[in-house]
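**Student:** Those protein sequence lines, which keep their order, are chains E and W.
Taking my numbering, the leading residue of the first sequence gets 1, the next gets one more, and so forth.
Taking my numbering, the leading residue of the second sequence gets 1, the next gets one more, and so forth.
Among the clues, some could well be false.
So the derived label-pair ranges between C-beta atoms look like this [said to hold, decoys possible]:
| id | chain 1 | residue 1 | chain 2 | residue 2 | range |
| --- | --- | --- | --- | --- | --- |
| 1 | E | 79 | W | 16 | 47 to 53 Å |
| 2 | W | 16 | E | 29 | 43 to 49 Å |
| 3 | W | 51 | E | 40 | 22 to 28 Å |
As a list, the in silico DSBU-like pairs of lysine-lysine whose alpha-carbon atoms are at most 30 Å apart [unchecked claim]:
| id | chain 1 | residue 1 | chain 2 | residue 2 |
| --- | --- | --- | --- | --- |
| 4 | W | 9 | E | 56 |
| 5 | E | 106 | W | 9 |
| 6 | W | 71 | E | 101 |
| 7 | E | 52 | W | 83 |
| 8 | E | 101 | W | 14 |
| 9 | E | 106 | W | 83 |
| 10 | W | 70 | W | 57 |
| 11 | W | 9 | E | 60 |
| 12 | E | 68 | W | 70 |
| 13 | E | 101 | E | 68 |
Computed footprint of chain W on chain E, listed as stretches where at least three residues anywhere in the stretch have a Cβ under 8 Å from a Cβ of chain W [unchecked claim]:
| id | segment |
| --- | --- |
| 14 | 72 to 80 |
| 15 | 102 to 112 |
Source of the hints: derived by calculation from the structure; they are not laboratory data.
Predicted model only: the values in this text are computed from it and were never measured.
Each residue gets a CB set at the ideal place from its N, CA and C atoms; glycine is no exception.
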Amino acid sequence: GNSVTQMEGPVTLSEEAFLTINCTYTATGYPSLFWYVQYPGEGLQLLLKATKADDKGSNKGFEATYRKETTSFHLEKGSVQVSDSAVYFCALSDRRGSNYKLTFGKGTLLTVNP
Amino acid sequence: DGGITQSPKYLFRKEGQNVTLSCEQNLNHDAMYWYRQDPGQGLRLIYYSQIVNDFQKGDIAEGYSVSREKKESFPLTVTSAQKNPTAFYLCASSSRQVRTSLSNTGELFFGEGSRLTVL
């Protein structure tokens, strides 16, 4: 079955530091890949996505590239801010006929200190 | 504004009581989902519905029930049979893609969540 593995947190950084959160996946077919972000006490919001190999998703300074050869979709940001403190979820969406199944990683808590 | 509304945001329940969590969406999405979130365990799928009057069990359906009488609404009942109901519950929706469509990527839209605490 499908699975998503992301680096365990928590991750603690100082403001303006470089961020990488690793994500690898196992899937049959050609999944779409997502990063969702969850701020404290809230639901999940889509941060970025990529639908095919070598696509780069980007939003709010975050980037991730769909690497089929390494089955990875690592999240990066060049300079984090305190407001980026949240839980980040990597996910894949695998199409099965007319339906999709979304599989999530366990989430990585990021704390950015001023 | 289109979106998903969950209520209540916080709910306390005594052991042995059933409780129903509301989820309403005005995105005109066909598919709706309920997830449970526990610390360190990510999101686990409870139930999902792809069309009105039809729903399927997810990975952890025991102790829960749902209904889908209207496209906009997908309430979740946490029954007294659920052994450990204290958790954060998230409702989501997505547009059900046409079989030949390549434009839909299966993206989910989430509500703000409901935190249930059993006393």
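**Student:** Are the hints correct? Go through all of them and say.
**Tutor:** Tested hints:
1. A beta carbon spacing of about 52 Å between residue 79 (chain E) and residue 16 (chain W) agrees with the range 47 to 53 Å that was offered as a hint.
2. Against the hinted window of 43 to 49 Å, the Cβ-Cβ separation of residue 16 (chain W) and residue 29 (chain E) comes to about 45 Å, which satisfies the hint.
3. Roughly 34 Å separates the CB atoms of residue 51 (chain W) and residue 40 (chain E), a value that falls outside the hinted 22 to 28 Å.
4. Note on residue 9 (chain W) and residue 56 (chain E): the hinted pairing is violated, with a Cα-Cα distance of about 35 Å set against a maximum of 30 Å.
5. Note on residue 106 (chain E) and residue 9 (chain W): the hinted pairing holds, with a Cα-Cα distance of about 23 Å set against a maximum of 30 Å.
6. For the hint linking residue 71 (chain W) to residue 101 (chain E), the alpha-carbon distance of about 20 Å falls within 30 Å, and the restraint holds.
7. Pair hint residue 52 (chain E) plus residue 83 (chain W) does not hold up; C-alpha atoms about 41 Å apart against a cutoff of 30 Å.
8. Between residue 101 (chain E) and residue 14 (chain W) the alpha-carbon distance is near 34 Å, which puts this suggested pair outside the 30 Å criterion.
9. Only pairs whose Cα atoms come within 30 Å are accepted, and residue 106 (chain E) paired with residue 83 (chain W) is accepted, the gap being roughly 22 Å.
10. Annotation: proposed proximity of residue 70 (chain W) to residue 57 (chain W) holds, straight-line Cα distance about 18 Å (limit 30 Å).
11. For the proposed pair residue 9 (chain W) and residue 60 (chain E), the alpha carbon gap of about 28 Å is at most 30 Å, so the pair holds.
12. For the hint linking residue 68 (chain E) to residue 70 (chain W), the alpha-carbon distance of about 40 Å lies beyond 30 Å, and the restraint is violated.
13. Taking the CA atoms of residue 101 (chain E) and residue 68 (chain E), the gap is about 19 Å. The hint holds against a cut of 30 Å.
14. Three residues within the 8 Å Cβ limit are the bar, and the segment 72 to 80 of chain E against chain W gives 0, so the coverage statement is violated.
15. With a threshold of 8 Å between beta carbons, the proposed coverage of the segment 102 to 112 of chain E by chain W holds, since 5 of its residues qualify and at least three are required.
In this structure, the hints that do not hold are numbers 3, 4, 7, 8, 12 and 14, in rising order.
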